[in-house]
Amino acid sequence: MKNPYSDRKLSIAVIILIIAVIFIIRLFYLQVIDKSLKLSANNNVLRYVTIYPARAFIFDRNGEMMVENQAVYDLLVIPLQMPRGKYPGIDTLELTSMLGVSVEEFRDALGKAKKYSQYKPSVLFKQISSMRYATLQEKLFKYPGLFTQARTLRTYPRKSAAHVLGYIGEVDEAKTKKNPYYKSGDYIGISGLELSYEEVLRGKKGVQIQMVDVHNRPKGSFQDGKYDTTAVVGHNLKTSIDLDIQEYGEKLMENKVGSIVAIEPATGEILCMVTSPSYDPNLLVGSERSKNYPVLAKDISKPLLNRALQAKYPPGSIFKVIQALIGLQLGVIHENTGFPCDKGLVNCHNHPTCTSVKQSIQHSCNPYFYKVFQRIIQQGKSRSIFTDSRIGFQAWYDLVTQFGLGKSFDSDIKYMKGGRIPTINFYDKWYGKGRWAFQTIYSLSIGQGEVEIVPMQMANFAAIVANKGFYYTPHLVKEIGEEKIKDPRFYKKNIVPVNANYFDMIIEGMSNVVSAGTARLAQIKDIEVCGKTGTAQNPRGEDHSVFVAFAPKENPKIAIAVYVENAGFGGVWAAPIASLIIEKYLTRKISDPNKELRILEFNNLEKSLSFDKKRDRLNKKSQSAD
Amino acid sequence: MIKSATDSTRKVNLLISVDWTTIILYFLLVIIGWVNIYAAVYNNEYQSIFDISQKYGKQMLWIGAALFIILLIFITDSNFFSFFAIFVYIITIGLLIAVLLFGKEVNGARAWFEIGSFRLQPAEFAKLAACLTIAKLLSFLNPKTHIIRNWVLILGMIGIPAALIILQNDTGTALVYGAFVFVLFREGWVSTKFLFFGVLVIVLFIATLITDPLFLVISLIVLSLIIFGAMRRRLKEFSIVTGIFIVSGVLFYAINYALKKPFELHYVFAASALLASIVCVIINIQIKIANAITIIAMLIASLSFTFTVDYIFDKVLSEHQRLRISVLLGMETDLKGAGYNVHQSKIAIGSGGFLGKGFLKGTQTKYDFVPEQSTDFIFCTIGEEWGFLGSTIVIGLFVALLLRIIFLAERQRSHFSRIYGYAVASIIFFHLTINIGMTIGLAPVIGIPLPFFSYGGSSLWAFTMLLFIFIRLDASRLELLA
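Protein chains in written order, with the numbering used here: chain A, 1 to 626; chain B, 1 to 482.
Bear in mind the hints are in silico, worked out from the structure with no lab data behind them.
Derived pair list, reagent style BS3-like, types lysine-lysine, alpha-carbon separation capped at 27 Å:
#, chain 1, residue 1, chain 2, residue 2
1, A, 9, B, 144
2, B, 361, A, 35
3, A, 142, A, 126
4, B, 361, A, 120
5, A, 226, A, 183
6, A, 493, A, 407
7, B, 361, A, 226
8, B, 58, A, 219
9, A, 183, A, 126
10, B, 361, A, 219
11, A, 219, B, 55
12, A, 183, A, 204
13, A, 226, B, 357
14, B, 357, A, 219
15, A, 486, A, 205
16, A, 142, A, 219
17, A, 414, A, 478
Could you put together the complete structure from these sequences and hints?
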């Protein structure tokens, strides 16, 4: 008997086969062709855990610790692992008192964490101190779901050299886009040595690839850690800074506005870089930073401004040393050139007539340098005084810029301002081409007017004189990871094209400045200090007190520039401060405690700030008038 | 000869006359399933596959029990099943009612009896009763007489357990009863056209809700062209019609592009299909191509159906109604949002690649990214750990089993055995299609197990009984004189 519908078995078989073929094609697409699913699978299961190496330490030139790391602890929570109904209960009180937070704060933080994820760990409280952690960790077993994670923070045991060291902070978005090494949340050097030596200090992150399950619970390493990379710790820095001197300088500059920069002339190593007022670097660490930074930024005394590098000051009389050297080199004056102190040209103080370059330096005679600069600018090479001035000025400019002025140093010091040495173009723009001559610019002769120099350049200039005509670019680091730094920029001898014997004359003069001139307060027992004072007029009020020096006279070990804003005569404040630093550096002790006491007791802060306030007010007025 | 056939000779005969091919296929599927359950729930603390505190250990016990059930079936007289079919059916209906009253609710479905730590799902066994009963019923009803009475009987017989299961809130399992359409088709109760349109409507309905409309529109156009080409078998006509579609498609696409894309692409192609159809109808009237009108009508009907479903679903239905359909189709069953299960399942299968990650190396399934991985989503483990090769082999084994059952069914002398065979094949086929289909995103997520594979005693035993009763019937087919 043939069943009438038995042919339909074929239709049914075909339907089964069609479905099977559709499934196999689909599987082929999913498993062989579509690569995105494999990626999604990895995203599901692989977690790239970054292992951060501890940031390297920074030491001073004598091996004193300047920056180290301190362990702090974050308290994390996985809400799902917490027993239900226990929080907030009686135990919350114990927990919050251990943490030093209020119950409300705790609830808020916990609420946020729960909102973020029930499975994933999130940070409840950041940076719990080791002290609190000690009590917390003993009791933590009572609070399932809570655990701690150690982190390191920068810490500055001597609270000193904030601006030298700089600080670190979370990397911003622009940087993460530019440099794929950094991921959001990473820390990066933002200023100072932390910035300059970021790559040395940070080391190299490692990655551990973990497998996790659907609840984000770790399930072991991926392929036995075949693709993991280990974290590499960075290299410690040994800076050129002498922390004792740095600290002493900061102490001396307390309650004053200004800067001290000291350099080892033979190497260009910066021994101290003091700016005042400054701040305790521990204030800008971790979560403290967001709290303290705005306070410091708004502080009228501008503690965040690194005056050593960024304050452009009129150099005042210390500039005369340069003018003398240029005059000698250009041959417009010679050793025994004398000019009368003609107060009709520029004002001066009472002193014997200068009959030599040496004396002119010793007495810091204003008319003398008026004359010197006049001879430099107007050498009589053209009949037009304007053209003549251009020629003379260019000759002057070519030499003056050789002293490391008018530009910032290509070095490991960051955010240095170049100051200003005016150019021909500058005056052409200002007065019009062919409309200026010596008479227009004579203020430059005594370091006033358009010239602006930052303290770092002044100290470097002192080093040039100490070296009799050359300098190594000032820098902050001696060794990287026990090895002498190899940066070729620091070994390039910058030669100033001025004959060494001209320097000898100047040095004699500078020696007399201290022994019998304007800077007698800079004298140190048994050490011959050579220096030059400056009393820089400025539109901000009382004159700035300036002093550059080096010592000892023979084989100088330290070159220094001290700048105290609105303190008056250079010889009165800047010179003794410099001498204290020099003595401390060379002998490690202070022979004249009264000198030290006088400086420490001197409080010029209010005065300086009042000028600042006045100026700010004026600026505001003029701005609103615009 | 028949009279002299004693019990002892019958047993010897049985060992020879059972279809070993089917039995081997069954054991292959069951063992592969067991190994994959082990892989799916594997964890380092319980490494032994025989550990009965774990799912794979329990599955081993269920397999052992299934062997006992097989033995019982083999020593039962083959006439028993036909004779007691209605009786089994009535008991099952009783159980389905009882479970509604006394059952335990698991995952929102009141579908389980709990006896101690042991749970039993009567709906799984109801499939068996339905297969036996429909075989019994169809074996003496004639599709050509008493049409209305017969249809009432058939639909009532299928509908009662299905309705009871829907009342348990287990719609997925109830849908399985729809699989009997294949049996009705084979026995002449349902015409080819009905089957075709029925399948088309269901496929379109599901496809509209779960796939991209653009893909659907293009598939429909291509499908119509293929049907047309297959029916006419004239290259010239086929190229003219295809040309019209392509030209109108490009034209509409260009217009849309020129207007800076105001319309979604699927509307553009639907509109071009409409235009092309009108042109085809005009040509058709001129040169009188047979079948063309039918195909065009079908195409337009399909397109309108597609858009209507979409429109009704999104605009006409209320949020509440939409949710119910979504839940039915498994579109929003997970808290993490619609399609989470399917997405994770596709990731797991897709990450397997051609050869798979290897036994116990599947990260997606091992770390619980795929939900229900030992039961409804067991195919993910196969896909991830054994890759395309393993998945294809498993599908191949199922196809072999289904074709073998059809082959065996066709050689039966009794109507009852043949219809029962088709019923078994239909049920297995439906489960296979929906289960694997949902893991690879081609079918809605309806929580039904993969036969022989998925973890669970009720399901394994039910399928074992289904299959082995058929093997038992087949073994004694020669006892019946044709």
